[in-house]
Amino acid sequence: MNGLRRRFLAPAALVMGLLFLTPLVIILVYSLLMRGTYGGVSSEWTIENYTRLADPLYLIILLRTFGMAGAATLGCVVFGFPLALFISRAGARKNLYLQLVILPFWTSFLVRTYAWMFLLRDTGLINSALKALGIIHEPLPLLYNNAAVFVGLVYGYLPFVVLPLYATLERLDKTLLEASADLGAKPGETLIRVVIPLCSSGLRAAALLVFIPCLGAYLTPDLLGGSKTVMVGNLIQNQFTTARDWPFGSAVSLVLMAIVMLMLMVIIRRGGKELI
Amino acid sequence: METVLELRNVSKTFPGHVAVDGVSLEVERGSFFALLGPSGCGKTTTLRMVAGFDDPTSGDVLLNGMRINQLKPYERNVTTVFQNYALFPHLTVRANVEFGLRRQRVADVSKRVADVLELVQLGGKEDRVPAQLSGGEKQRVALARSLVLQPEVLLLDEPLSALDPNLRKQVRTELKGLQRRTGITFLFVTHDQEEALSMSDRIGVMHKGRLEQVGTPEEIYLRPKTRFVAGFLGAVNWIGGVGVRPESMRISRGHPGDGKRCFDATVVDSMFLGNCLHVQMSLANGERAVAEVSRLENTFQTGDAVHMWWHPGDEMRLPREAQ
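Chains A and B, in that order, give the protein sequences.
For the first sequence, this note's numbering begins at 259 and goes up steadily by one.
For the second sequence, this note's numbering begins at 107 and goes up steadily by one.
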């Protein structure tokens, strides 16, 4: 039985090994080598790529990345929860709203991010409209800053919060809401004392679904952010392209991955198994 | 006695069907009132309109003489024990019971919680969560949670149906005792006529959205006003336009004498049920009748020619023949 199972699992294991493990091992090896003169790697071993990360310059980027990912996660939950609540109570229109949430996935994330640039830039829709209405005379600095990155990340990852929260809210026993009202709780109190506590595992799952990809975001900060909004994703990209320092890029990638794994392990150990 | 709850010509229409159709009833303060009927008869919808979960399409709901149609569930001093109990799974027994009290900002929360948990015999289980409780315990938490608010009326939606049958009869007695001790008005919805008969001061029988009859258990059982009520409360033999309950039906080999309603019949079948016999008979005109007789009386064999009779006082005559 065991042998049979192993034989059936072999193709999957092979694919996993080839497509996941091999690249990881390559990255690990690269991260321990010196950079080559014209990109690539030379054959000397070193751990300097890791010690270099202690440089305040990179620590600030790491901190900024975590701060931005945290803020975007919070933003997604703050906007996503009411939206999920609204959809779960929309009755016959539920499916329509859900499709509207999913609709953006039908176009490229890159195109949608460019669309935000058209909205936010100095001659963009928002600034032009405000100018035309006479509210402002000089364009507001909407693009190329932290706020623009925040908006872009919240926009991009909102569906990842709305969909799991919607699923959680749908599963919520409606008689519990009636029981709460029956015992004298107004709708707001029911939300705080019954709905949110019962959605806590869904909220945590949704937050993780946003936080982790936000840590690795590079397109959004690249297009919407300025020079002061470099995130880890941009740093890595930069090492592989402009800087031609593959070993350092590999080291940063692995450190980011290690931090995410560590976080997941802590969360799982603290009883969040249902999240994964 | 005064009326605490009154329904005046209350109707509820859902798209495509009338759930409750012109129901009027009065519930006396401190009484145990049962709404009895088959599933889909509108009894739960009626209860939900009293709780405020559903709005009446027409008619008025009055609590202490005040119209409460417009009040939200959280504005009405009535509480509900739900069929599935609807305990908050993330809260302990104590927190479930405190849920409504914390809102009211009453001073002696812990004393009132302790008192009510004692009342429902749940002392010592305060720190458990619902998942750690048995069905009977969950039901008592649901009762405690509602009773602690001292509602004008406690609404109970089939509260015994989720319990296993052995527990049900015991809980009936407990529930009745609890109602007597607290003096709180109970409005109890059930499809089980035995439950309604054994616990209630008054019963309202519902059928297809209409309230067919309201009365004491004896009135409902012995003097039903419609054919449906007669049949829903127990088995009936309809013979020549009058109804006779099987337990009122007698069988003898000899003629019972004058002053009785008597028919010649033939025994079709005799079924032993432990505490009694059900004897199936066929009349000369082909109609069937059942008599429930003591197993200590004569035994009857299929094909026996017998006299089937009853006392005229035991027969049920419907005031109007409601078919």
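There's no promise every hint is true.
Restricting the straight-line Cα-Cα distance to at most 30 Å, the calculated cross-link-like pairs of lysine-lysine (BS3-like) are [what the hints assert, rightly or not]:
no., chain 1, residue 1, chain 2, residue 2
1, A, Lys432, B, Lys282
2, B, Lys282, B, Lys178
3, A, Lys444, B, Lys231
4, B, Lys314, A, Lys432
5, A, Lys432, A, Lys444
6, B, Lys217, B, Lys314
7, B, Lys275, B, Lys331
8, B, Lys275, A, Lys444
9, A, Lys432, B, Lys231
10, B, Lys178, B, Lys217
11, B, Lys314, B, Lys282
12, A, Lys352, A, Lys432
13, B, Lys366, B, Lys314
14, B, Lys331, B, Lys366
15, A, Lys486, A, Lys352
16, B, Lys314, B, Lys331
17, B, Lys178, B, Lys314
18, A, Lys444, A, Lys352
19, B, Lys217, A, Lys444
20, B, Lys331, A, Lys432
21, B, Lys178, A, Lys352
22, B, Lys282, B, Lys331
23, B, Lys231, B, Lys282
24, B, Lys314, B, Lys275
I should point out that these hints are in silico values taken from the structure, not numbers from a laboratory.
Status of each hint after checking the structure:
no.: 1; hint: A:Lys432 x B:Lys282; result: holds (29 Å)
no.: 2; hint: B:Lys282 x B:Lys178; result: holds (29 Å)
no.: 3; hint: A:Lys444 x B:Lys231; result: holds (28 Å)
no.: 4; hint: B:Lys314 x A:Lys432; result: holds (26 Å)
no.: 5; hint: A:Lys432 x A:Lys444; result: holds (15 Å)
no.: 6; hint: B:Lys217 x B:Lys314; result: violated (45 Å)
no.: 7; hint: B:Lys275 x B:Lys331; result: holds (28 Å)
no.: 8; hint: B:Lys275 x A:Lys444; result: violated (37 Å)
no.: 9; hint: A:Lys432 x B:Lys231; result: holds (26 Å)
no.: 10; hint: B:Lys178 x B:Lys217; result: holds (29 Å)
no.: 11; hint: B:Lys314 x B:Lys282; result: holds (28 Å)
no.: 12; hint: A:Lys352 x A:Lys432; result: holds (16 Å)
no.: 13; hint: B:Lys366 x B:Lys314; result: violated (37 Å)
no.: 14; hint: B:Lys331 x B:Lys366; result: holds (23 Å)
no.: 15; hint: A:Lys486 x A:Lys352; result: violated (41 Å)
no.: 16; hint: B:Lys314 x B:Lys331; result: holds (16 Å)
no.: 17; hint: B:Lys178 x B:Lys314; result: holds (27 Å)
no.: 18; hint: A:Lys444 x A:Lys352; result: holds (24 Å)
no.: 19; hint: B:Lys217 x A:Lys444; result: holds (25 Å)
no.: 20; hint: B:Lys331 x A:Lys432; result: violated (39 Å)
no.: 21; hint: B:Lys178 x A:Lys352; result: holds (25 Å)
no.: 22; hint: B:Lys282 x B:Lys331; result: holds (27 Å)
no.: 23; hint: B:Lys231 x B:Lys282; result: holds (23 Å)
no.: 24; hint: B:Lys314 x B:Lys275; result: holds (28 Å)
Hint violations for this structure: numbers 6, 8, 13, 15 and 20, all remaining hints satisfied.
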